[in-house]
Every structure is written in structure tokens, then in C-alpha cells.
Amino acid sequence: MTHKKVGVKQRTSYSLEEKLIVVKYTQENGRNAAAKHFNLDAPMKKRSGTPGRKAFYPEAEKILYSWIIEQRKKRFAVNYISIKLQMCKILKESSIQAIYSAGEYEFQGNLSWINFFMKRFGLSLRKRTKISQKLPEDLEEKLNEFRRYIIRLRTLYNFDLNSIFNMDETPV
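Going by the working numbering, the letters in the sequence shown line up with residues 1 to 172, in that order.
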């Protein structure tokens with residue numbers, strides 16, 4: 001006795017010609033009409049829209065995005081905590097509460113929300129990679145002092161000029 005598997009569909013492969021017919025029909029009649037006409041499953045339909053989850057507070061997120069861009073223009077650091085706090089502040093504004101009445105109470109602002117928000121708006125957290133050193137005020141004096149020191153060492157130990165070189169980085 002053999003058992004038939006319930007709910008399992010056999011995958012079908014389509015030729016290039018068949019795919020072109022479906023694409024043409026889709027361009028003329030729309031994706032949903034083509035799916036219905038050719039009896040295509042949902043997974044075969046192309047997913048559209050922005051990546052990640054749908055926004056629960058799209059208007060508030062637009063304001064938050066503008067705030068982040070403004071902070072970056074001012075060269076201020078923006079991190080996960082500041083994004084969450086700013087969103088909470090936005091959701092308390094009367095104009096936003098008129099749209100999302102319980103928004104400030106329902107909003108959790110967890111890490112996954114922040115990641116999906118960043119993905120929706122094409123943002124990434126930036127990190128300062130290098131903070132350059134400030135030159136001392138008496139730079140010229142220190143350079144001249146160093147030159148005199150090298151000349152004294154060279155004459156004292158009779159170093160050959162080929163034995164002296166400059167190294168910018170500390171070797172490890």
C-alpha cells in the first residue's frame with residue numbers, strides 16, 4: 001500500500017519561450033493577472049517592495065530618517081541608543097500621536113526594529129576609524145632639536161649615512 005503525500009507539489013521547469021510568454025502577458029496585464037492566468041503559485045511571483053519588514057510607523061520613521069541625516073551633517077555620532085530615544089521622542093509629538101495614538105506605548109525599539117529601519121532607508125551605522133593626532137605648537141623647535149640630536153649621535157659614533165633611515169610606523 002503506497003501513501004500519497006498531501007500538499008506536496010511537483011516543481012515544474014519552464015522553457016525560455018514559455019517564460020517570455022509569461023513576462024509579456026505580465027507586462028500587458030499585470031503580475032496578479034498573469035499569476036491567475038498561468039496558475040502560478042505565490043512563491044513563483046516576484047516579491048516587490050522594500051527589504052525587511054513593513055514599517056509600523058512610516059510617517060514617524062521619515063522624521064527619524066531626516067533627523068539622522070541632520071545629525072550626520074553636523075558630524076554628530078548616531079548610535080542604536082540615540083536612534084531609539086529619538087524615535088520615542090518623535091512618537092510623543094502631538095502631530096504624530098494624531099496618526100499613531102498608542103504609538104509611544106506600543107513602540108519597543110528593539111535591535112531588530114532598528115536593523116529593519118536602517119535597511120528600509122539604506123542606512124548603516126558609521127564608526128570613526130581614525131582620530132588623527134594634533135601637532136604640538138612648538139613643532140619647529142622640536143624638529144630642530146631632534147635634528148641636532150641625530151647629528152650629535154652621528155658624529156659621536158661615526159655612523160655612516162647609509163645606516164640612518166626614517167621609520168614612520170613602529171615595527172611589531
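Some clues are possibly wrong.
Pairs of lysine to aspartate or glutamate, EDC-like flavour, derived with a Cα cap of 20 Å [to be verified]:
hint	residue 1	residue 2
1	K89	E61
2	K142	D168
3	K89	E59
4	K84	E59
Hint data in this document are derived by calculation from the structure and do not stem from the laboratory.
Please read these numbers as outputs of a predicted model, since none were measured by experiment.
* Going back to the hint list, which numbers does this structure go against? -> none
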